[in-house]
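With the hints as your guide, set chain B onto chain A.
So the protein lines, in turn, are chains A and B. Quick note on the numbering used here: the first sequence kicks off at 1 and runs consecutively. Quick note on the numbering used here: the second sequence kicks off at 1 and runs consecutively.
Be a bit skeptical, because a hint or two may be false.
Claimed, not checked - According to the in silico footprint, chain B covers these stretches of chain A (three or more CB under 8 Å from chain B):
no., segment
1, 50-64
2, 145-151
3, 157-168
4, 251-260
5, 271-279
Honestly, the hints are just simulated from the structure, not real lab data. Just so it is clear, the structure is predicted and the values come from calculations on it, not from any experiment. Ideal Cβ positions, reconstructed from N, Cα and C, are used throughout, including at glycine.
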Amino acid sequence: MSAATSDAAALDQKSWHARNQIAVTPWLFLAPGVLFFLVYVIFPIFQSFNISLYEWDGLGQADYVGLRNYEDLYWEFVDRDAFYTALWNNLIWLVMYLLAIPAGLFIALFLNQNVWGIRLYKSLFFFPFVISQVVVGLVFTWFYDPTFGLLNTMLGWVGLGPVNVLGDERLVTYGIILAGLWPQTAYCMILYLTGLNAVDPEQVEAGRLDGARGWRMLWYVVIPQLRPATFIAFVVTIIGALRSFDLISIMTQGGPFGSSRVLAFYMFEVALSEYGFRMGYGAAIAVVLFLIMLCFIAYFLFSMWRQERGR
Amino acid sequence: MRSMMKASVAALAIAVSGAAFAGSHGALTGDLKIFLDTSNPAPRATMEAMIARFQEMHPDLNIETTVIDREAYKTQIRNFLTANAPDVATWYAANRMKPYVDAGLFEDVSDLWEEPEIAENLASTKGAMTIDGKQWGVPYTYYQWGVYYRKDIFDELGLSEPATWDEEMANCAKIVASGRACYTIGTKFLWTAGGWFDYLNMRTNGFDFHMALAAGEASWESDEVRATFANWKQLIDMGGFIDNHQTYSWQEALPFMVNGDAAAYLMGNFAVAPLREAGLTDDQLDFYQFPAINPDVALAEDAPTDTFHIPANAANKDAARAFLRFVVSADEQTVINGPDNLGQLPVNAASSVADDKFLQQGFAMLSSNAPGGVAQFWDRDAPAEMAKVSMEGFQEFMVKPDQLDRILARLERARERIYE
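The following block holds chain A by itself, in its conformation from the complex (with noise of 0.2 Å):
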């Protein structure tokens, strides 16, 4: 009797996972990686909310202040102080990043032939991608350097006065972005020159024999085409504008007197840099920084799954 039950048992335990295995079998691979994505991102997300409810030096006791710390962000912002700019430059850089698409769109389609060596030109003109974000700023700098700079010396030839793009609080943050556009450039290229490769050329042919030609050609037959290097293209190019920090550092720290400050940077300014020891208004920017990016998230995730459910 008793045999028969635990046979039974072991039967039934048997087959629940015969009856699961491919159900389950997939939340099995998934688990690491569920698992370091839970602690290293979305858990994290939570942290900082928690932390920008407090003031805290980073290393002594936290103190609870409630919204204080986005009460001091939003005064900041009606004063036009340093997150004001922060957040003008963000916007200015989500803008003028996005000039990338059509550079690189306008170069891939340039470089989309076949002559001798075109291998080479290619990448040369992907070499911007591959150097260092902090190489590519050190070398902008030295090219904006007021007086012993390549630019000037250019201007000087036709005229034109000397400019100190880095130290004029106007001119700063354009000229950081044209730094940050010519590698951004090379990447959207790239995107496109294999989204190139599978435009279909029965239906160039048909557009030829319609009489499309040039423009209305790249147009209505072209582009419709490359949508979905369009679409990467849109999201790496949006990610690299709001994350832009390392060629702010490397070319200004956030100068002259804070006018090219971004989000992120002034974020790792007021926590974490020499003299920041604000950890709970560090994440209250980071916080912010979040929601706007949240806003894209949103946008990318919903149109992904329009996608696949046109399918």
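Leaving out everything else, chain B in the frame of chain A:
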């Protein structure tokens, strides 16, 4: 006979030096972890040689030295003091060590300061190491600030070292008229402007007001502060500083002085080495104390002090204390601050100052011509946040002096928040 006397003298010397370290000598064992921020080649070699000498005295001690990049160290110190603390770590004096003292991360070493050798010979730096009536580390080197200038340019224009603000303005007017800037400066990393503010404010309002401002007890919109900025504005408006200084680091500003586009540099003594390396001889380069502005206030100076501390979480505090005693001993101080090593001023009164004209002048200035007091430096005397905000304001003022009211209002708001 002679050799015997030599030998006995040597033996005596050994006995004396042995006696000096009798308290610590002999039984030091275990590990001693030392973290250094002296990452530049010369200071690094000096420190490593000094640690090697300490190792020789304590062969049973297992010393482990870690050198961290000087800038990176400033942020890493927070992590390693809380977790995985070394036994000895370098840092800076005055308010710069306050966050770590307040958080209980530095060991109270007042006991060392009660020992007669340290109490008598290091008295001049005791104030800079004291917070809440206790001492939290020992200094190992300091250096003067002042005006380093091109003597050949001064001679060419017939100028002499100014002692008053009027002489200074007259000098500067002549230098500007000769097509040069009076001063080179690079404010990209902000602190160089802090040096100018230190001197202008200490000369205009005196040491005590300067310290009250650093401690948040005085208003940024007061008449005193405005007077300081008015003096600064005189220099800026006459073209006293090089253009585009906001784009340069202090090193990138050196060529202007080397090429003769600027006549002088308000800097710490560490600027001498690169200026000499760039080809300026001691005939071309000289030093003077920052001139008096307000004759009613006593002259005060900046002399930043670099320090050694024992983290509260250190494992081998006995060995660490022995190391601190060793570092500040008269002989070691003479050696590590010597011309071939750090090339700075020794903290021990019984040490000798290197035979270098800048160090000799600096030492004389600090010991006999700074009756007002000795400050550390703006970013070490003021709390970190206030230092950051204010130095950014100084930089903006140097580029756009007309914005003074807005800048001072901003600093006053920051003061209300930071010191509450």
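Checked hints:
Beta-carbon proximity to chain B at under 8 Å applies to 4 residues in the segment 50-64 of chain A; the threshold of 3 is reached and the given coverage holds. Counting residues of the segment 145-151 of chain A whose C-beta sits closer than 8 Å to any C-beta of chain B gives 3, which meets the bar of three, so the coverage hint holds. For a cut-off of 8 Å, the count of residues in the segment 157-168 of chain A with a CB near a CB of chain B stands at 3, and the three-residue condition holds. For the segment 251-260 of chain A, the proposed coverage by chain B is satisfied: 6 residues have a C-beta within less than 8 Å of a C-beta in that chain, meeting the threshold of three.
Residue count for the segment 271-279 of chain A with a Cβ under 8 Å from a Cβ of chain B: 7. That meets the three needed, and the coverage hint holds.
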